[in-house]
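Engineer: The primary structure of each chain is shown beneath.
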Amino acid sequence: MELQQHLAEFERAGISVFAVSYDTVEELAAFSRAYGITYPLLSDRGSEVIRRYGILNTTLAEDHQNYGIPFPGSYVLGPDGRVQEKSFFQQYQVRPSAQSVLRDAFGVDFEVRDNPRAEAESTGVRVSAVLGADALAFMRRVPILVRFDLDAGLHLYGEPIPEGYIPTAVEVAAPEGIEAAPTLPPPTHPFRMEGLEETFHVFEGRVEFEVPVWATVREGGPFVLEVTVRFQACDDRQCFLPQTRTLRVEAPLEPLVKAAPVE
Amino acid sequence: MLNEPNGVDFPTGPDLGQVVPDFTLPDQHGGSVSLMEALGGQRALLLFFRSVRW
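Read top to bottom, the protein sequences are chains D and L. In terms of the working numbering, the first sequence opens at residue 1 and continues consecutively. In terms of the working numbering, the second sequence opens at residue 264 and continues consecutively.
Hints may contain errors.
Stated by the list, open to error - Distance ranges between label pairs, derived from CB positions:
1) R33/D <-> T287/L: 21 to 27 Å
2) D236/D <-> D278/L: 15 to 21 Å
3) L279/L <-> L60/D: 26 to 32 Å
4) G280/L <-> A34/D: 35 to 41 Å
5) L279/L <-> A181/D: 20 to 26 Å
6) L279/L <-> G164/D: 25 to 31 Å
7) P162/D <-> V282/L: 46 to 52 Å
8) H292/L <-> T246/D: 47 to 53 Å
9) L279/L <-> R12/D: 22 to 28 Å
10) G177/D <-> V282/L: 41 to 47 Å
11) L279/L <-> E11/D: 24 to 30 Å
12) G164/D <-> D278/L: 42 to 48 Å
Treat the hints as calculated values from the structure; they're not laboratory data. Cβ coordinates follow ideal geometry from the N, Cα and C atoms, glycine included.
Given the sequences, and given the hints that come with them, work out the whole structure.
Structural biologist: Spelled out as structure tokens, the structure:
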């Protein structure tokens, strides 16, 4: 379902989508009609293709009612049919969102146009945080995007960092029902200051941190995620006072959709 | 990389860099889709899921 919501973005980027299951054509047709699925749902009745790919779930006995299902997952294929990435999940593992797949596997960036952006400022530094998806969802990972815009000539510190300096820290306080993974910082570049031996690793200009979050509940919200940033801005001669800011990102929870009953 | 750490080992099919097996399967409209032909020189996302029933 979520894939269908973002299918236009895949199509715009010239990426086709195919989904295979062991359901009958009739079952796939009913589902496709009920949910308006426009990408191909392919019927691998008898699981011949599933077997050929080597992903038949053999933990089920042959007489089990669900025997024939695959270990579910996906492949990112190049135009020549070669596997560029693959993703296979255990039952209750967190899955990436369709937009994350587009961005991380296909390098297609997404716009977060309509989402409210929380903002804060300090001398020469503007910080903002926004949810990088339409909504949170059960066991689906979406990013909170925390952007720093620095005036020219200013930099913030990343890791590794010499003692005594303040690294840039971005953390999310997840409320009950939400979990967060460690923050993913953007790349730094090396920086030397005149008269100092150490090499620093700094962020300049516009950089974006990502904090992956997901809901562990099926309903509820909207949730308020508190993003705390701590940083110290310096130019090539001096440093400003370290700053801490808290930004509140409000995020709705997408209700879980159940599959349509098959006639 | 989208590979996720597993607690238990299970097979995940063709490896990175390998060409996936071609196939021809019917789609939900009663048409027929041959994977390599349908790729048509574009990148693709190929998903295997358990069932639309649950």
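Engineer: Hint by hint, say whether it matches the structure.
Structural biologist: Right, here's what the structure says about each hint:
no.: 1; hint: R33/D <-> T287/L: 21 to 27 Å; verdict: holds, 23 Å
no.: 2; hint: D236/D <-> D278/L: 15 to 21 Å; verdict: violated, 48 Å
no.: 3; hint: L279/L <-> L60/D: 26 to 32 Å; verdict: holds, 27 Å
no.: 4; hint: G280/L <-> A34/D: 35 to 41 Å; verdict: holds, 38 Å
no.: 5; hint: L279/L <-> A181/D: 20 to 26 Å; verdict: holds, 23 Å
no.: 6; hint: L279/L <-> G164/D: 25 to 31 Å; verdict: violated, 43 Å
no.: 7; hint: P162/D <-> V282/L: 46 to 52 Å; verdict: holds, 49 Å
no.: 8; hint: H292/L <-> T246/D: 47 to 53 Å; verdict: holds, 51 Å
no.: 9; hint: L279/L <-> R12/D: 22 to 28 Å; verdict: holds, 26 Å
no.: 10; hint: G177/D <-> V282/L: 41 to 47 Å; verdict: holds, 43 Å
no.: 11; hint: L279/L <-> E11/D: 24 to 30 Å; verdict: holds, 25 Å
no.: 12; hint: G164/D <-> D278/L: 42 to 48 Å; verdict: holds, 47 Å
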